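J.: Construct the complete structure from the given sequences, taking the supplied hints into account.
As a plain string of letters, each chain reads:
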Amino acid sequence: MIDLEHIHRDFRVGDQIVHALDDVSLHIDAGDYVSIMGPSGSGKSTLLNIIGLLDRPTAGTYRLNGRDVTDLSDTEQAEVRNREIGFVFQAFHLVPRLNAFENVELPLILAGVEPAERQRRVREALAAVGLTERAHHKPDQLSGGQRQRVAIARATIMRPNVILADEPTGNLDHRSGGEVIRTLEELNAAGIALIVVTHDPLVGERARRQLHMLDGRLERDLQTHHAPA
Amino acid sequence: MHLHSRDIGHFAWGALRSYPGRTFLMLLAMAIGVAAVIVLTALGEGARRYVVDEFSALGTNLVIVIPGRSETGGLNPSTLMGETPRDLTIADARALTRSVNVRRVAPLNVGQAEVSWGGRSREVVIVGATHEYLAIRHWKLGQGRFLPAAKWEQALPVAVIGSKIRRELFGPRRALGQWLRIGDRRYRVIGILASRGRSIGVDVEDLVIIPVASALQLFNTPSLFRILVEARSREAIAPVKRFIVDTLQRRHQGVKDVTVITQDAVLATFDRILGALTYAVGGIAAISLAVAGILIMNVMLVAVSQRTAEIGLLKALGATRRTISVLILAEAILLSGLGAVGGLLLGLAGNVVIRRILPVLPAQTPLWALLSALMVAIVTGLLFSLLPARRAAALDPVLALSRR
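Residue numbers (this note's numbering), protein chains in the order written: chain A, 1 to 229; chain B, 1 to 404.
Bear in mind the hints are in silico, worked out from the structure with no lab data behind them. Computed from a predicted structure; not experimentally measured. By construction, the Cβ of each residue, glycine as well, lies at the ideal position given by its N, Cα and C atoms. Not one of these hints is a red herring.
Sample of chain B residues at the chain A side, in silico, Cβ under 7 Å:
1) LEU3
2) ASP7
3) GLY14
4) GLU310
5) LEU313
6) ALA316
7) LEU317
8) GLY318
9) ALA319
10) PRO397
11) VAL398
Looking from chain A toward chain B, a few residues come up when the C-beta cut is under 7 Å (computed):
12) ASP55
13) ALA78
14) ARG97
15) LEU106
16) ILE109
Here are the simulated distance ranges between beta carbons:
17) TRP368/B / ARG83/A: 46 to 52 Å
18) TYR279/B / ARG83/A: 50 to 56 Å
19) ARG390/B / ARG83/A: 22 to 28 Å
T.: See the structure below:
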């Protein structure tokens with residue numbers, strides 16, 4: 001599903017060039033469960049941003065479902081993000097003035113889906129993360145775990161092929177973090193590919209495939225064949 | 001991928017509502033700008049209408065003959081001879097009645113003299129006129145008769161007085177039939193004017209009208225001050241004007257030594273001047289709208305930087321650059337539109353207050369000013385938010401999302 005070939009991403013810091021990604025090639029199958037681990041500055045977030053089409057590689061080719069998306073226009077990339085990729089962020093990134101329902105509704109609004117259809121789908125998505133009663137709460141009236149589950153509902157509302165989670169448990173205590181991971185794993189069990197960036201080994205080791213990055217390169221690619229319980 | 005316009009409006013309104021203080025101040029700035037345009041153009045328009053009304057009160061279809069030539073002529077006999085203009089006489093006025101296009105003619109002489117009765121006296125404007133004058137000016141008589149329709153050259157010792165003169169000189173006593181002293185002559189009061197108010201600087205209540213021949217004697221002058229000629233219709237004004245010029249030139253040995261102005265021309269001039277004035281004050285007020293526009297730009301720039309994470313998020317969720325621009329512009333249009341409507345109400349309320357304080361000034365904003373104030377408000381709001389919208393659209397989502 002995801003094909004990265006010889007991806008480079010260079011940043012200019014002052015008069016120095018930093019190689020955030022240095023010749024990364026990677027293939028990820030549809031429905032896979034992948035964790036990306038590594039120390040700060042190892043390039044794992046940059047890799048996730050490139051997979052999520054939030055950032056463009058300096059060199060290399062990116063194919064998503066067989067289609068070359070490396071040089072798509074801004075508008076085409078936006079459409080791919082809207083329909084095929086779901087994002088979950090460490091800082092949740094809910095719009096504070098919108099309630100849970102409206103936050104989940106945003107991708108549907110951007111896609112121009114009719115209001116009646118939106119109602120139905122948002123209700124389903126909130127029910128799936130167990131937040132039906134919280135639909136009309138603003139983010140500041142929700143706990144961290146609840147906020148992240150609202151964000152997950154939002155990430156799944158367009159029925160994407162892949163969910164990209166950047167430190168999804170980073171701002172959560174152990175218990176709510178566990179709930180969030182379980183929610184994400186349920187989605188993966190339903191067939192959506194899940195890519196989690198984390199530096200928490202307890203989170204990362206749950207994935208079927210574990211990637212370790214160091215200095216912009218893939219250091220280790222570990223396939224474990226046990227399905228998590 | 002197209003957003004529904006209702007969703008855009010809802011989103012923009014939600015964004016504005018989440019910063020009520022800032023939104024209120026921006027609305028206020030826009031509203032004050034629009035209200036300023038509305039009130040100032042209303043004042044200009046009120047002044048214009050005031051002057052137009054005053055001139056209409058002078059009479060209808062009037063052509064006014066003034067002795068002397070106001071135009072800088074080339075070479076004519078009078079400049080060569082160093083001659084003063086010929087007098088404008090009662091006979092001249094009489095000659096002007098001989099046209100089918102002329103309805104009425106009133107020779108006029110004006111001066112100031114002391115009027116006294118029974119030990120009381122008063123400096124008053126004395127108008128020497130004829131029987132036709134009352135009808136030309138559309139004045140009303142309260143008691144008695146107006147000047148008799150006698151021969152114009154006949155210096156009858158009669159007077160028609162304004163209501164204030166009657167009050168001041170006669171008090172509760174009967175004025176009709178009394179003998180007034182004006183200068184060194186005596187005149188019998190035969191009528192009292194009912195009209196009130198001022199007309200072109202003359203207080204109708206505070207004047208005395210005597211036959212024109214009597215006034216010429218009183219002021220010891222052979223020349224009239226004006227001849228008022230009333231044309232039969234609006235269309236007749238131009239032929240009447242030509243007729244007057246030709247007739248008087250013939251009578252004055254071929255010299256064009258009078259100035260003929262039409263009320264229309266005077267009115268049109270004032271109309272133009274005051275119209276231009278209205279445009280000018282409207283334009284000045286519109287500058288405050290531009291200031292409001294700059295304010296909107298600043299605040300939208302702040303809004304964009306405050307909402308960087310939100311914009312980054314919208315991009316991650318699939319918003320294109322265009323969508324982001326549209327959302328920011330919608331916010332600005334909503335803001336300037338609401339501000340403009342608020343200013344409209346504020347301005348119209350201001351007009352009501354002005355009309356109450358200054359009833360003589362019919363302060364009413366012309367429609368063009370209302371519409372252009374609204375348009376300018378919304379267009380400046382839109383123009384000045386193009387930059388913030390561009391900035392928002394160009395935000396790098398990775399950087400935008402990494403900010404906490």
